[in-house]
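Fit chain B to the given chain A structure using the hints.
2 protein chains.
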Amino acid sequence: MLDIALLGTSGMMPLPNRFLTSMLCRIKGRLLIIDCGEGTQVALKNIGWGFKNIDVICFTHFHADHIAGLPGLLLTIGNAGRTEDIVIIGPEGVKEVVESLCIIAKELPFNIIFKEIDDLDNGKIKIKDFNIEALEVEHSMKCYAYNVILKRKGKFDVKKAIKLDIPKKIWSILQKENSIEYNNKIYTDDMVLGQERRGIKISYCTDTRPVETISDFIKNADLFICEGIYGENDKIKKAKQYKHMIYSEAATLAYNGKVSEMWLTHYSPSLTNPEEFLYIAQDIFPKSYCGYDGKISSFQFIEEENK
Amino acid sequence: MLDIALLGTSGMMPLPNRFLTSMLCRIKGRLLIIDCGEGTQVALKNIGWGFKNIDVICFTHFHADHIAGLPGLLLTIGNAGRTEDIVIIGPEGVKEVVESLCIIAKELPFNIIFKEIDDLDNGKIKIKDFNIEALEVEHSMKCYAYNVILKRKGKFDVKKAIKLDIPKKIWSILQKENSIEYNNKIYTDDMVLGQERRGIKISYCTDTRPVETISDFIKNADLFICEGIYGENDKIKKAKQYKHMIYSEAATLAYNGKVSEMWLTHYSPSLTNPEEFLYIAQDIFPKSYCGYDGKISSFQFIEEENK
Chain A
83 MLDIALLGTS GMMPLPNRFL TSMLCRIKGR LLIIDCGEGT QVALKNIGWG
133 FKNIDVICFT HFHADHIAGL PGLLLTIGNA GRTEDIVIIG PEGVKEVVES
183 LCIIAKELPF NIIFKEIDDL DNGKIKIKDF NIEALEVEHS MKCYAYNVIL
233 KRKGKFDVKK AIKLDIPKKI WSILQKENSI EYNNKIYTDD MVLGQERRGI
283 KISYCTDTRP VETISDFIKN ADLFICEGIY GENDKIKKAK QYKHMIYSEA
333 ATLAYNGKVS EMWLTHYSPS LTNPEEFLYI AQDIFPKSYC GYDGKISSFQ
383 FIEEENK
Chain B
83 MLDIALLGTS GMMPLPNRFL TSMLCRIKGR LLIIDCGEGT QVALKNIGWG
133 FKNIDVICFT HFHADHIAGL PGLLLTIGNA GRTEDIVIIG PEGVKEVVES
183 LCIIAKELPF NIIFKEIDDL DNGKIKIKDF NIEALEVEHS MKCYAYNVIL
233 KRKGKFDVKK AIKLDIPKKI WSILQKENSI EYNNKIYTDD MVLGQERRGI
283 KISYCTDTRP VETISDFIKN ADLFICEGIY GENDKIKKAK QYKHMIYSEA
333 ATLAYNGKVS EMWLTHYSPS LTNPEEFLYI AQDIFPKSYC GYDGKISSFQ
383 FIEEENK
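As you go down the protein sequences, you meet chains A and B in turn.
Count along the first sequence from 1, then add 82; that gives the number in the numbering used here.
Count along the second sequence from 1, then add 82; that gives the number in the numbering used here.
Bound conformation, chain A alone (with noise of 0.2 Å):
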């Protein structure tokens, strides 16, 4: 099971009642943030799901209203009794943008990780059970979109196990392991398992235009969470001028990408009422809602049908 929580949905300031844009994900206890805005660590305690599990923090870019809750954040999970390293994953630079801004959290009792997109295998990178995948979007400044997968091993094959001659007492172990040593041997999951089976897939898309690469990036999302920084498509001039998207352009990505839903986030703060002109996008993708702060949803493996 992945668990996803929205923490915030505005975009450029935070508002009373709304925060910064921001998802947080859970796996087994684990936790992962994209962005993290000001305010950000009061939407996770509303949350709940606690501060010390915080493993990944995942940036799209360097605005402020996507990392300006960085210190704040750090100094609670310091608080919160963690002294386990913190991956801290984003674009080139990012150890010198967080570490100018924890000129004011110094003293941290455990350790950042830095990875730089670019220094990634392709862009991918797992920590834990989260498996993290970035494709560059178009902004005013280099910016990320994120997938955040949780794998499924295949079925047991007991046919494979018995023809490679795999020990019977190390069977269910290989199962939920990904290698074991036995009477001085290696045996690895994939002599007793079948092919990987269907995972969870979440897809975060914020601040961008709508470029192509997206809707392959994002392809079968269980979850496309993606900013609509404007309703009304005669807003288009203005998405266009400050790199953003309105939501008839996510709608068409959500379509392209076949996801199975679609979350809209990041509102201006113009954008009183989002639910106004959701119409818009479900006139395209049907399956669209409008995020809103505190908005949590579980997500299961989904079993696929036999071929």
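Where hints are given, some of them may not hold.
Because identical chains share one entry, a pair is satisfied inside a single copy or across any pair of copies.
[Unchecked claim] 30 Å max Cα-Cα, derived DSSO-like pairs, lysine-lysine:
| id | residue 1 | residue 2 |
| --- | --- | --- |
| 1 | 320 | 127 |
| 2 | 177 | 224 |
| 3 | 322 | 127 |
| 4 | 134 | 320 |
| 5 | 177 | 369 |
| 6 | 177 | 188 |
| 7 | 208 | 233 |
| 8 | 319 | 188 |
| 9 | 224 | 188 |
| 10 | 188 | 320 |
| 11 | 241 | 377 |
| 12 | 258 | 320 |
| 13 | 127 | 317 |
| 14 | 301 | 250 |
| 15 | 317 | 188 |
| 16 | 267 | 325 |
| 17 | 319 | 369 |
| 18 | 110 | 197 |
| 19 | 188 | 325 |
| 20 | 127 | 377 |
| 21 | 134 | 208 |
| 22 | 377 | 134 |
Derived by calculation from the structure, the hints in this document are not laboratory data.
Same frame as chain A, now just chain B:
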């Protein structure tokens, strides 16, 4: 008239419904803030006095809970259309700390004038109608208490004006302006005014141990805003350890300083109901009140009795 609003009353970290400790002061529509933790800009939005007229931002010290909200606030002030300089006052190193934080707020449409307290004339500076005084206090890092004073000119003294042969035409002008040139001669307000009258004095004091110099510094203040991180007397050991004050210590300062009233603030997150222990402060200084987010009061000049 001088208006005061408490923007937040939390210490250490922002909580749902309790922003970080910060004070907003308004004189003739112009604004001064002391401290700016994460979320202060949202609290300012709640108060509704605007962003554009923020002329001065003072920092007591550089712990994150007192300054982390600055980059976001500066961007929001810029979005409100300000182009006039802003003065930022703080301990030694204020320029370096602010510039480091502003790595995510590089393009502001106004200049920042930095003032280190050590460089001020006896810890005092006047900006517009804000007469600011700073006093070093005792915290785990260099930290200052502040007074904000609205001065009041003396009464018009007809006999003095006649004696000094001041032209009648400029009498009324000299009651408003500090000086005027008239018929190639400079006239100053002290030529027509009596002794300066009692103004309005607001004192703000957090984070610190109750050092003796504070009582003199806050002497006769109309309002003393003071930290009370814990209510109970048996928390004194913890307060001493982290260089903070309990309610009874704040109240003793208020009593010795002969202030008109005291508002407690900067509560520990563990102090969920600040009112519960208010009686401890009121036993020592009856005009003790619990500060709360959004608490507002207006202060008028008080007519002194004839001496």
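Going through the hints against the structure:
1. Taking the shortest alpha-carbon separations for residue 320 and residue 127, only the inter-copy value of 24 Å comes in at or below 30 Å, while the best intra-copy value is 34 Å.
2. Proximity of residue 177 to residue 224 under the C-alpha cut-off of 30 Å is found in both arrangements, the shortest distances being 15 Å within a copy and 28 Å between copies.
3. In this homomeric assembly, residue 322 and residue 127 come within 30 Å of each other (Cα to Cα) only across copies, at 28 Å, whereas the closest approach inside a single copy is 35 Å.
4. For the identical chains of this complex, residue 134 and residue 320 are inter-copy neighbours only, at 24 Å across copies versus 40 Å inside a copy, given an alpha-carbon limit of 30 Å.
5. In this homomeric assembly, residue 177 and residue 369 never come within 30 Å of each other (Cα to Cα): the closest approach is 38 Å inside a single copy and 50 Å across copies.
6. In the homo-oligomer, the alpha carbons of residue 177 and residue 188 lie at most 30 Å apart both inside one protomer (14 Å) and across protomers (17 Å), since each shortest distance falls under that limit.
7. In this assembly of identical chains, residue 208 and residue 233 lie within 30 Å of each other by CA distance solely inside one copy; the values are 10 Å within and 63 Å between copies.
8. With identical chains, the CA atoms of residue 319 and residue 188 are at most 30 Å apart between copies only, with a shortest distance of 25 Å across copies and 43 Å within one.
9. In the homo-oligomer, the alpha carbons of residue 224 and residue 188 lie at most 30 Å apart both inside one protomer (27 Å) and across protomers (16 Å), since each shortest distance falls under that limit.
10. In this assembly of identical chains, the alpha carbons of residue 188 and residue 320 lie at most 30 Å apart only when taken from different copies (22 Å versus 40 Å within one copy).
11. Taking the closest pair of Cα atoms, residue 241 and residue 377 never come within 30 Å of each other, the shortest separation being 45 Å inside a single copy and 73 Å across copies.
12. When the C-alpha separation of residue 258 and residue 320 is checked against a cutoff of 30 Å, the pair qualifies neither within a copy, at 51 Å, nor between copies, at 47 Å.
13. Taking the closest pair of Cα atoms, residue 127 and residue 317 come within 30 Å of each other only across two copies (25 Å); inside a single copy the shortest separation is 35 Å, beyond that limit.
14. For a Cα distance limit of 30 Å, the shortest separation of residue 301 from residue 250 qualifies neither inside one copy, at 39 Å, nor across copies, at 84 Å.
15. Proximity of residue 317 and residue 188 under a CA criterion of 30 Å is satisfied inter-copy only: 27 Å between copies versus 43 Å inside one chain copy.
16. Taking the shortest alpha-carbon separations for residue 267 and residue 325, neither the intra-copy value of 55 Å nor the inter-copy value of 60 Å comes in at or below 30 Å.
17. Taking the shortest Cα distances, residue 319 and residue 369 sit within 30 Å of each other inside one copy (26 Å), while across copies they are farther apart (57 Å).
18. Only within a single protomer do residue 110 and residue 197 lie at most 30 Å apart by alpha-carbon distance; the minimum there is 23 Å, versus 50 Å between protomers.
19. Taking the shortest alpha-carbon separations for residue 188 and residue 325, only the inter-copy value of 19 Å comes in at or below 30 Å, while the best intra-copy value is 34 Å.
20. Both within a single protomer and between protomers do residue 127 and residue 377 lie at most 30 Å apart by alpha-carbon distance, with minima of 14 Å and 24 Å respectively.
21. Only within a single protomer do residue 134 and residue 208 lie at most 30 Å apart by alpha-carbon distance; the minimum there is 20 Å, versus 46 Å between protomers.
22. In this assembly of identical chains, residue 377 and residue 134 lie within 30 Å of each other by CA distance solely inside one copy; the values are 21 Å within and 34 Å between copies.
Against the hints set out earlier in the document, violations occur for numbers 5, 11, 12, 14, 16.
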